[in-house]
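Undergrad: Residue-level listing of the chains:
2 protein chains.
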Amino acid sequence: MPLPQALTALAPFLGQRLSTSKSDLDLHGRSESYFPPMPPDAVAYPQSTEEVRRIVEVCAQEAVPVIAWGTGTALEGHASAVQGGICVDFSRMNRVLEIRAADMDVTVQPGVTREALNTELRATGLMFPVDPGANASIGGMAATRASGTTTLRYGTMRDNVMALQVVLGDGRVVRTGTRARKSAAGYDLTGLMVGSEGTLGLITELTLRLSGIPETVAAGVCAFDHIDDAVNAVIDTVQMGLPLARMELVDHATAAAFNAYAGTSFPECPHLMVEFHGRPDAVAEQCARFAEIVDDHDARGFEWSTKEEDRRALWAMRHNAYYAILASRPGARALVTDICVPVSRLARAIEETRADLACSPIAGPILGHVGDGNFHAILLVDPAEPKELAEAQRLSHRMVGRALDLGGTATGEHGVGLGKRDYMAREHGEGWQMMGAIKTALDPHGILNPGKLVPPL
Amino acid sequence: MPLPQALTALAPFLGQRLSTSKSDLDLHGRSESYFPPMPPDAVAYPQSTEEVRRIVEVCAQEAVPVIAWGTGTALEGHASAVQGGICVDFSRMNRVLEIRAADMDVTVQPGVTREALNTELRATGLMFPVDPGANASIGGMAATRASGTTTLRYGTMRDNVMALQVVLGDGRVVRTGTRARKSAAGYDLTGLMVGSEGTLGLITELTLRLSGIPETVAAGVCAFDHIDDAVNAVIDTVQMGLPLARMELVDHATAAAFNAYAGTSFPECPHLMVEFHGRPDAVAEQCARFAEIVDDHDARGFEWSTKEEDRRALWAMRHNAYYAILASRPGARALVTDICVPVSRLARAIEETRADLACSPIAGPILGHVGDGNFHAILLVDPAEPKELAEAQRLSHRMVGRALDLGGTATGEHGVGLGKRDYMAREHGEGWQMMGAIKTALDPHGILNPGKLVPPL
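So the sequences go chain by chain: A and B.
Numbering-wise (the numbering used here), the first sequence opens with residue 206 and increments by one.
Numbering-wise (the numbering used here), the second sequence opens with residue 206 and increments by one.
FYI, nobody ran anything at the bench for these hints, they're computed from the structure.
Wrong hints could be hidden among the right ones.
Simulated restraints on C-beta separations [said to hold, decoys possible]:
(1) A:328 - B:470: 43 to 51 Å
(2) A:303 - B:431: 27 to 35 Å
(3) B:448 - A:524: 25 to 33 Å
(4) B:635 - A:446: 38 to 46 Å
(5) B:288 - A:340: 36 to 44 Å
(6) B:497 - A:328: 23 to 31 Å
(7) B:496 - A:560: 35 to 43 Å
Partner residues are not named here, just some residues of chain A that face chain B (Cβ under 8 Å, in silico) [claimed, not checked]:
(8) 219
(9) 220
(10) 221
(11) 350
(12) 473
(13) 579
Quick partial rundown of chain B residues pointing at chain A, CB under 8 Å, derived from the structure [said to hold, decoys possible]:
(14) 230
(15) 234
(16) 276
(17) 441
(18) 447
(19) 485
(20) 487
Only a predicted model underlies this, so the values are computations on that prediction, with no experimental measurement involved.
We put the CB at the ideal spot given by N, CA and C, even for glycine.
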């Protein structure tokens, strides 16, 4: 048994920061969505890159799996220990190492959360704009190529990670990228690591591109009788090139779930929520142009505000939607779908998904980052009823097929993990084998987050 | 000898489109900069992905090198046939396959040039914004991760290539990416191919993100007595977040070379040239803000215009700078440097480079995309004088060391090829070995553009 030997080798330098307590293992084996618990054999809490390096070196020697852990907010079972092993929890590597306001960049440890980072940045007038909803760790966000509500304007993690320090599967420590705004110096290793979900290396340091905190932020919301009108308003807005910072859709079921959850009285119909960032006059003009577009699509009651308290109230529904939907069926777990299609195909993708849901016993409120063509149906299932899970998987399968047929992807932002792995062959064809070849080249012993993302060996 | 067998296998289906004429070989062995001619053994002109696949399959079988060729405008010897082999010239695969205006994307063959693409797009109100100066092929621009004057606003090829079709070294045809605006579906294979310089696969189709042709384009220019003032104006402008589309510097030597080349009478001192894209009022306001900034740095005669003929005249110096500089010393060849540093370090990088040049007999006019921290010294050498080349290489070496010390990169946009390969170990450390491992995994026989970018086997 290699595991006891690995633990024996790790104990001297990790001490109390190597845990095999049941509560720790359970915590690191759980999932935010429908996956059953798959706990690791031990949890390590390193405090430095050097400690991470030593952990990986020991695990490589003993052929023990190594699974990186940020805040545990992944939705696709990314951190499930399917083959056991050591979970590397980065919560003690959570420092902001250097803010360089003049270059608008920052270097951080992977365990810092996005909210903690933005709190530290506030005095500089800068922000890290990527917002996946959850208060995830920056390392986890990079590993899963997170995006979220602000992608329209600021891009995904792919666009906002400039450089990384990574521990490879054999314990080598590599720096990828530089602080230069662009480079043509060979393969984009930073881009390869972003979205590799812990299967190619453990991220121990990140340099991020920052954005200026906008002078004015204006948020607006409007309601529609029909979801088609809302979606067509989205398509027109994107095609007119209106520079939105956020554009989100929630359907009538999400609005109803939120009212029940928060005691509010939003009209129980589809809503669009938007946000504009910029100089006051530009923002006001953009709100006016958006009002005209939604008016053409029979929107009701478009209101916008630049006051922070109004914006908070307005966004509360979107930000709490996932938990409100979960609460709408006590005891249920969610299978979260995440397709993303070219914007011109969005109306069709949503319409066909709704038609599927209408013929199914499974509830699936729809919401999403529609400005990017990305939306989620939150499929609620009773974890004790295998038939329900099977039906949800059938619906999810049809959504993915539809997305690929329309020129899109199985996952816009949640990643592959366990939940979307079966779709990779269809989405990438031979490209999935290429991913496997890269994985084998960089992690020949297959110890880094095994059983995820790439084809089975 | 495997080559004759490869030619025998290729001749039946390529016919006249397989050439071994001396003029063809010479044309495909030349370089735009200081490298000696290194011609291939044959040039193939495929007309389809299937023909490319068959060429690669034959070459894989016979272990014959395969080198992709766009328009031959690379500056670092990317397409030099250092080990001979078959040059695959994509000039007959130059069609625009599908324009999807509603999604603002386009699918093209690799041989279409950027100017031809923009001509075809004109009626749609859309454009492909990446502009490296040369009228390069889109496939070559992707392969070298090209950028250029518009990167500030529109990004590099990395940001504008959505999906690829690629023929791998064993003849497999792979599609990477989708038309969705974002995806978290595994490793970013598209990003890995962009900038891989023909060493991982041959690009046979590209889907590109398009941008709207701006309502108004305003271009402006001003002169400075001292280059430090110009650079400090750049730094202030970037740090204020002014949304420039272009911001270019030329030094006094470049201005003088241009006057001699074009018979103009620009003041022979450093100039900044800028361009703003947007709505008329926004553009006017941005020009006014820029005027204030440069005024603080003692600029002279800032003028701007939205008329196309004025803009053309204004940009003529920048667009013809390379050829004007070459013409300033008849018979000379250029060793072109390409460092890129964080913007806060730009003043120091330029100042120290100028100090080096001042102590050297080599002329090296400076110009560049300073808004990104990227600049070039065009080091002019007599190709018949090895001492001059050695001195230019010494200067280049010092520039690269300086860039890396300042947190930057050896090459902002020209790529590695032959000319920057010796700097990769220093820039990437173990990361260069990682690139080698990826190369070996995806091209195990090493037939794709051998002798470039990655470490020697």
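Undergrad: Using Cβ atoms only, decide whether residue 221 of chain A comes closer than 8 Å to chain B, and label the hint accordingly.
TA: With a minimum Cβ separation of about 32 Å from chain B (threshold 8 Å), the hint on residue 221 of chain A is violated.
Undergrad: For the hint 27 to 35 Å, verify it against the beta carbon of residue 303 of chain A and that of residue 431 of chain B.
TA: Cβ of residue 303 of chain A to Cβ of residue 431 of chain B: about 31 Å, so the range 27 to 35 Å holds.
Undergrad: Given residue 220 of chain A as an interface hint, is the shortest Cβ-Cβ distance to chain B below 8 Å?
TA: violated, 29 Å
Undergrad: Next item in the hint list is residue 234 of chain B. Is there a CB on chain A closer than 8 Å to its CB?
TA: violated, 23 Å
Undergrad: Would the hint on residue 447 of chain B stand, with a C-beta cut-off of 8 Å toward chain A?
TA: violated, 11 Å
Undergrad: Tell me if the interface restraint on residue 219 of chain A is satisfied: Cβ within less than 8 Å of some Cβ in chain B.
TA: Result: violated, 25 Å to nearest chain B Cβ.
Undergrad: Do the Cβ positions of residue 497 of chain B and residue 328 of chain A conform to the proposed distance bound of 23 to 31 Å?
TA: holds, 26 Å
Undergrad: Can residue 350 of chain A be said to touch chain B, with a Cβ gap under 8 Å?
TA: holds, 5 Å
Undergrad: Holds or violated: the hint that residue 485 of chain B contacts chain A, with Cβ atoms closer than 8 Å.
TA: Residue 485 of chain B check fails; min Cβ-Cβ to chain A is 13 Å, beyond 8 Å.
Undergrad: Taking the least C-beta to C-beta distance, is residue 487 of chain B closer than 8 Å to chain A?
TA: holds, 7 Å
Undergrad: Can you tell me whether the CB distance of residue 496 of chain B to residue 560 of chain A sits inside 35 to 43 Å?
TA: Violated, at about 57 Å.
Undergrad: Quick one, is the residue 276 of chain B hint okay against chain A at 8 Å, beta carbons?
TA: Check failed: Cβ of residue 276 of chain B comes no nearer than 17 Å to chain A, outside 8 Å.
The structure fails hints 5, 7, 8, 9, 10, 12, 14, 15, 16, 17, 18 and 19 (numbered hints given earlier, in ascending order).
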